[in-house]
Structures are given as C-alpha cells and as structure tokens.
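Listed below, chain by chain, are the residues.
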Amino acid sequence: DAKTTQPPSMDCAEGRAANLPCNHSTISGNEYVYWYRQIHSQGPQYIIHGLKNNETNEMASLIITEDRKSSTLILPHATLRDTAVYYCIVRDPAYSGAGSYQLTFGKGTKLSVIP
Amino acid sequence: GAVVSQHPSWVICKSGTSVKIECRSLDFQATTMFWYRQFPKQSLMLMATSNEGSKATYEQGVEKDKFLINHASLTLSTLTVTSAHPEDSSFYICSARHNYEQYFGPGTRLTVT
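These protein sequences, in sequence, are chains A and B.
When the letters of the first sequence are read in order and numbered with my numbering, they come out as residues 1 to 115.
When the letters of the second sequence are read in order and numbered with my numbering, they come out as residues 1001 to 1113.
Hints listed in this document are in silico derivations from the structure and should not be mistaken for laboratory results.
Only a predicted model underlies this, so the values are computations on that prediction, with no experimental measurement involved.
Glycine included, C-beta positions come from ideal geometry on N, C-alpha and C.
There's no promise every hint is true.
As the list claims (entries may be wrong) - Derived lysine to any residue pairs resembling SDA-like cross-links, with alpha carbons at most 25 Å apart:
no., chain 1, residue 1, chain 2, residue 2
1, A, LYS107, B, LEU1074
2, B, LYS1064, B, SER1083
3, A, LYS3, B, THR1049
4, A, LYS3, B, HIS1098
5, A, LYS107, B, THR1049
6, B, LYS1041, A, ARG81
7, B, LYS1041, B, CYS1013
8, A, LYS107, B, GLN1060
9, A, LYS107, B, THR1111
10, A, LYS107, A, GLU55
To be verified - Some residues of chain A that are not near chain B, with every Cβ distance over 12 Å (derived):
no., residue
11, THR26
12, SER28
13, LYS107
With the rest of the complex left out, here is chain B (with noise of 0.2 Å):
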C-alpha cells in the first residue's frame, strides 16, 4: 500500500515552453502532498507543500509564479514549470502524507535545452 506514482518519468521540452508534471497517490487519500527538487549530486529540496483545495506554500527562493501547482483532488497533485529555462533542468520529486508519514513517488527528470 501508499503507492505514489509520477507522470510523466522523463521529459525533454524547449526553452520557454511550459512542463506539466503529474503526482498521484494510487491508494490513499492524500491531503497534503510535497514537491521536491533535486540538482545532480546534491540533496533533495524541498520547492513546495501542497493542500487539497488551497493554496499551496511555497518554500523560500521559490517562484509561484514560475512553477504552478494544483492540488484539485486527494489524489493528485500537478506542477507546471511555465516558461522553462535550461537552469530548471532538475529531478522533481513529489511525496505524498498519508498516516502521518511521507511515501515518495519515483521522480521526473526534467531536461531543457
């Protein structure tokens, strides 16, 4: 159980195009959800924490405007990068809660040329 999936698992797009990266908990209900960066060689950090029906929150350093998320039901969570620079190419990773722990999807890698 608590399967959290992402779609899509890698994306290649053109600088100034926008990127929409999909977070599902395949399972369970999840209420608050957690979108993650991660550059190569370093940690991951976490970008945003996301609530089913609100705004989400995000971390310092980091553009609502640029990376849009929509937290529209209990099973899905979506981030947009809009307007994509080569700077943005990262591993995305979401996290849903769920019973008071955080069950990680398996990432988007993320490419911009």
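Next up, chain A with everything else stripped away, as it sits in the complex (with noise of 0.2 Å):
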C-alpha cells in the first residue's frame, strides 16, 4: 500500500468546516483513497472512500486531485463530536497478494474542535 502524509494537528471552529488534507504521490492506479476516524478509546469509524472522482456521503465530502496524488476530507459543519483522529489510508482492495488485505494505519491528524 501506498504511505500517505497527513499533518499531526489541525483545529478547526466549531459549525465552520474541516478540511483535512493528505498526500499520496505514490497512489498506484487501482488503489482508492480512504478515510477512517477514531474517537478517544473506540474502534476506527468508516468515513468514506474514493478511486478519482469526488465523494460525498451523509458524513462528508472527499476532494481527489486530478492527478490523485492528494486529496482532503471535509466536514461541511464541525461539532464537538468530530474531534477524533483522522486517518488516510490507501489501498487496493481487490489486491490478493501478500500483505494485501489490512488496513495500515499512519499516524493520521488529531482533529480538535474549538467551541
């Protein structure tokens, strides 16, 4: 899988959006781009995911650059709930070769929202 480069902090106002960004110059063709998040002692939490066209889903909007070696996350309209670690992983998951099935997870950035 591709290693993925997200910023280790941001804050953001709570009602204002988020916007999260992440590198991946190295994505290959069949790998998408995906986003989970991990409130304080719980499980990683699916947000969305994307191949190269822009997502959007009841929890947020994914942003795919052109050349798809970066893409952001936005949360149109932050709340305190939202502060969690947010992690960008890319994978193939249709890859059937070693090491192929798991998600890897990075160290992702620590969103805070302010009141």
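Reconstruct the complex from the two isolated chains, following the hints.
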C-alpha cells in the first residue's frame, strides 16, 4: 500500500468546515483513498472512500486531485463530536497479494473542534 | 449492517494469567479477521490476520505462542493473551473483512496489574 502524509494536528471552530489534507504521491492506479476516524478509546469508524471522482455522503465529502496525488476530507459543519484522529489510507481492496487485505494505519491527524 | 462486536469491552487481570478476547461479526460471515493493538497516543498496529479454519498469520515481532488466535467459525475469532504481563496492557481492536472492506469492533481495553 502507498504511504500517506498528514499533518499531525489541526483545530477547527465548531460549526465551520474542517478540511483535512492528505498527500499520497505514490498512489497506484488501482488504489482507493480511504478515510477513517477514531474517537478516543473507540474502534476506527469508516467515513468515506474514493478512487478518482469526488465523493459525498452523510458524513463528509472527499475531494481527490486530478493527478490523485493528494486529497482532502471535508466535514462541512464540524461539531464537538467530530473531535478525533482522522486516518487517510490508500489501498487496493481487490488486491490479493501478500499483506494486501489489511488496512495499515499511519499516525493520522488529530482534529480538535473548538467551541 | 456490517457490525463487529468485541467482548469484553475492558478487562483487568493479574500478571501471569491468561485473558481471552472475543470478536464477532454480527450480521455477516467473515472468513478473514484482523487483530490490532494500540498503545496510548500511538496508532493501530496490526498483530495478526486470522483466517477461518486455518492458522493465523502473525506480523513480525508478534509472538504467536503468547497471542493465541482461534478463528473456528465464520462469525467468531478469539485472541488469548497468555501469561499476561503489564507491558501487554493495551487497547486491542479486531476487524472483519466483508465484501472487500474492513469493519472494526469497538475495542477491548486490557490492563495487567
């Protein structure tokens, strides 16, 4: 799986949009960009994923650059409950080679939503 | 759908004893499950991959005789920490693979005294 680079921490005012960047310059053609978050002392929670088109669901939007070397997760109206560590992971979910199935977590971005 | 549960959610045990943690896929069958460990202020680290009906595959540096994994059915995998020591105190998280995606359990906090 390609490596990702994320800022270690970010602050966001409650009610404002939170924009979390991720660099994945070595991403390959079949690899998707996944975002998970982990609220303190809980298991990771899936947020969204995409291949090359922008994606939106009830939780967030994912913007992927045209060259696919970076992406941004957008939480449109951050709340205090969005305070968590956000992980950006790239992987090919269909790849069947050794070590392929599991998600590999980096250090993520600790997002603090401030009242 | 795709819910994964763990039991117990937290456990305290004495040094030298063994502890079993259960991971269940509640509404799907999972031929592959994963066990992660997370120390305070660190990221999740994969310990092993568990395949139903076969031996688990352990990551480098993880002792297979200390962390026993059993995946006897398509909905249950267990992790047994044998002869636990205080340095085994950690947050253990399981994950199950379903339709090419991974779904995570809520985690088990193990404290060894």
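We went through each hint and held it up to the structure:
Distance hint between LYS107(A) and LEU1074(B) is unfulfilled; the C-alpha atoms sit about 31 Å from each other, more than 25 Å. For a cut-off of 25 Å, the pair hint linking LYS1064(B) to SER1083(B) stands: about 13 Å separates their Cα positions. The hinted pair formed by LYS3(A) and THR1049(B) meets the criterion: a straight-line CA distance of about 21 Å does not exceed 25 Å. Between LYS3(A) and HIS1098(B) the CA atoms are separated by roughly 24 Å; this keeps the pair inside 25 Å, and the hint holds.
Between LYS107(A) and THR1049(B) the CA atoms are separated by roughly 21 Å; this keeps the pair inside 25 Å, and the hint holds. Note on LYS1041(B) and ARG81(A): the hinted pairing holds, with a Cα-Cα distance of about 19 Å set against a maximum of 25 Å. In summary, the hint linking LYS1041(B) to CYS1013(B) is supported, as the alpha carbons are separated by about 22 Å, within the 25 Å threshold. Taking the CA atoms of LYS107(A) and GLN1060(B), the gap is near 19 Å; set against the 25 Å cutoff, the hint holds.
For a cut-off of 25 Å, the pair hint linking LYS107(A) to THR1111(B) stands: about 23 Å separates their Cα positions. Simply put, LYS107(A) and GLU55(A) have alpha-carbon atoms about 24 Å apart, close enough for the 25 Å limit, and the pair holds. With a cut of 12 Å on Cβ distances, THR26(A) stays outside the contact zone with chain B, its closest approach being about 19 Å. Residue placement check: SER28(A) keeps its beta carbon more than 12 Å from all beta carbons of chain B (closest about 16 Å).
A beta-carbon of chain B is positioned within 12 Å of the beta-carbon of LYS107(A); the least distance is around 5 Å.
Comparing the model with each numbered hint stated earlier shows that hints 1, 13 do not hold.
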